[in-house]
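Listed below, chain by chain, are the residues.
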Amino acid sequence: MKKHRTLIIVVLLCIVGSLWALYPTWQSQDYRSTIDSFGPKDSAKKAQYLASNDESIKAANKKAIKLGLDLRGGIYVTMEVDVLKFIEEQATGKDAIFDQVIAATAAEEAISEEPVVSIFTKKFSEIASPKGKALANYFLLSDVKTGEDKEITASLQNGSDEAVDRAIEIIRNRIDQFGLTEPTIQKFGTRRIIIEVPGAGDPTQVRQLLEGTAQLEFKLFKDPKIVNKVLDNIDKYLMGVAPAKKDTLAVAGKADSTAKVDSSKKVAAVVPAKKNVADKEAKKDTAGAKSDSSAKMAKNLSPEDSARLADSLAYAGLSKEQAAAKFEKEHPFSIFIRKGASAKDPRIFVLEPDRKAILDILNRADIKTFYEGEMAFAFSRPEKDKNGQNYYEIYFLNAQPELTGKYITGADKDSRDGKAVVTMQMDDEGARLWARVTGENINKQIAIVLDGVVYSAPNVHQKIEGGNSEISGMRDLSEANLLKIVLKAGALPAPVKIIQEQVVGPSLGADSISKGTESIFFGFLAVMIFMALYYITGGFVADFAVIINLLFTLAVLATFGATLTLPGMAGLVLTVGIAVDANVLIYERLREELGNGKSLKLAIDDGYKRAFAPIFDGHLTAFFSGIILYSFGTGTVQGFAVTLMIGIAASLFTAIVITRIIFDLLLERAPTAIKFG
Amino acid sequence: MHFFRKTNIDFIGKRRTWYFVSTFITVAGIIWALLRGVEFGIDFAGGTEVQLKFGKIVKIDDIRAALDAGGFRGAEVKYYGADESGVLIRVREGGAGAGAGAQTTKNVQDAIAKGIPGNNAQLLQNTHIGAKIGKELQQKAVFAVIFTCIVILIYLAFRFKFVYGMGAVIAIVHDVLVAFAFAVICNGITPWLNLEMNSTLLAAFLTIVGFSVNDTVIIYDRIREDQKKYKGQDLKTIMNRAINETLPRTIITSGTVFLTLVVLFIWGGEVLRGFAFTMLVGVITGTYSSIFVASAISYDWLHRDKNKVKQPAGKVKAKEVATAV
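Protein chains in written order, with our numbering: chain A, 41 to 717; chain B, 2 to 326.
It is worth saying that the hints were derived from the structure and are not from the lab.
As the structure is a computational prediction, the values presented were derived from the model and not from experiment.
Positions of the beta carbon are idealized from the N, C-alpha and C atoms, including for glycine.
Misleading hints may appear alongside valid ones.
What the hints assert, rightly or not - Pair by pair, the computed Cβ-Cβ distance ranges are:
#1 A/143 x B/39: 46 to 54 angstroms
#2 A/456 x B/95: 55 to 63 angstroms
#3 A/224 x B/151: 29 to 37 angstroms
#4 B/231 x A/569: 34 to 42 angstroms
Chain A with its partners taken away, still in its complex shape (with noise of 0.2 angstroms):
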């Protein structure tokens, strides 16, 4: 017992850490079952349930082991940027000699990992340069001064690096603006992107999503008399009233206000400065007026007023506390929004994950017969409050844009009076057109909306005509580099295509999860029951060695949060046959030995002692091809490479170490329980 003091309390320490480790992903299941018990008609429930537990479900899904998108359904698509038509598309004066070059750099982009860019250049080194050409006959780029080959290259590098980093940025937008749970988005090599959404329902819409070209539109803000009818009009849908025909607005309470929601939440207190558009020439101040409708719009959103404009009566006698639930209770839908806003500021900040509450309910199909084609409800990007916490604003949009994107034909970011400012061109048609807009919309707001996330929604403040406008009041030159790049998106850079895609349907992945852990739990038993049988004590023992493996290969998967995919788990069951394999290595030559008359303490001793060094190379060349497996594996391939490189790792330690720890104790308190058959 002395002897293994430490042993045992090291032994001790990583299984409860285990354990700790552990208890996330038991925690993130049984959040993951309470959710799915919510039926299709229970969405306001359900989302409510996901707003108030949003932390803790988040902080135990951050811990838990992952579940591959084999197991929990999903989609998983790779993207590639196109980044030759960037550099073909830069280009002037092609001719034969450029296109050879183009050719030749698309045979070996197609086989190599190498920047297109590098490539490109050395093929135009090897094919044209001979010709006597330059990279300057071909690019004339704004940003190239002196025209030398090295000052191109890089320009180019430059370009097709920023082309692959908007794309992600366009994809990231929709993909956040459609609700999606936990989407991974990761750039893999230079021009690959990687996207994982788990659980997603319908992929030909995720495919379009990705696919599709980024749309920016500029729109106006709603009327709020309609948008107040729109929300109750939800509100009163999901309480099963039928919609109510009278208009909200034409009641108007004389109590004071009753209702009182909890503000703490409430983000107000974080004001990004305004923006306003002005004419090229005219230089405003950037602290202008509010405008009117988005005044009015909070006034009647806050819920001390919406609480005013409701029948009063209904609330009387209530305390605070009760006449807050009653106003939750009958907004089911509207409380996500109605909370954020107050008298006081226009705007209406919602928390994320009221936010994700709101855009579940509108993505649902019967609801959305309730705006859609009528309004927009759009949001901000995301900022992030004192708690780290993010948050959006929310806007209420005309369904149709005024203009597209398609009539801009060039952005860019400046200073003025040392304040960032974004100018934007537009050709003939858009400049009348534009002019038309900001003429009968002056002192009111525009958004401008890429892909369904308003960056900006600036105030006109005159008529524009001649299509140059300037829009001020960005805090910094990033923010307003990232307008830029918003206005400019319109048209992507660069074509992406999707490579590589893998829709699991969630029926097929509760199969598969079933089907998984069952067979895997009959392996085990026919292998543990096996063992007990034929090695008695030591079976038993090598048993127990063989759980606190998987105890701690399943540990070590949760805390570097790696991935438990379908291979993983046959993985799994090829650990324990290694792990195994440690123990029956050493019983077997502990049976030798005590065939050759040695005492059981000796025999153990040299048992252990002689077995090591097999064990040792056995589990080192099977980590080595683990190694191997994952670096040249994709994907579940790769799952599997990892639990097996950690089960052999945990092995060496749990067969040698544990085993041997348990069998010191046995000898010194009942030697005589020890058989090994």
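Please arrange chain B on chain A, whose structure you already have, making use of the hints.
Coordinates of chain B only, in the frame set by chain A:
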């Protein structure tokens, strides 16, 4: 419980018979592959695979007719899953209708909905792999196997002796080829096993490599130990003894892995079935090859060297054997 009491089988003496068996299976697999071609999965060949579950059982011919009408002439159709309501449709890269890229799935679904109305087909799974990715994966797979062999050769050469490393690598190549032969031939005979070459099968191959090396290393280890213990005995006796001594462990371990794989094969579901089957073959050949390929080839190699040099008998020979590993 003991399955084995001290065995004393002359494994090395019987090696020539087993060389013949191994060569026969390997060559048969290669010839089959050359004559009939290897069926590559979508991930290596590129294309689109759609797995549907119909509300009512459907006839393959009806689906084929619907696909033909939808412009997918030549698409592969087969039942997939527990009963005949699950169907797998595969449109290969370059085949009719494959030009739509990622939209192919939708086109296939539309064609089915149009051709077989009133039978709600639920999309269980679909995979689209562009031709480029497919080529990349193919390359990577070959690299992975070659690279594994090289790493293992280096490790074993360092840990034992170059000859033994070669023996192990030849055993690995043998195992992969035999597993490949079985996969290719069985895929031809029993298509329901879903044994086309895909990345899951690649994972199986590489796991076989790991297992086979593990087995081989354990026997090598015992050979080295016995050479120190029984100095002066000839290599054949020592190898035979080492193999016999480790035989219980070999059988028990392979047996337990075999047991779990059988469970996976039966209950693991459609996706793991091909994997489990290939691994079953691999466990058998991995066990067999560490005895009849790795050890036997190392023996023949060392033996040949000795014949060539014609060393004097007695002391020197014993010394050489002792340092052989």
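Check your understanding: Hint numbers the structure violates, sorted upward?
Key -> 1
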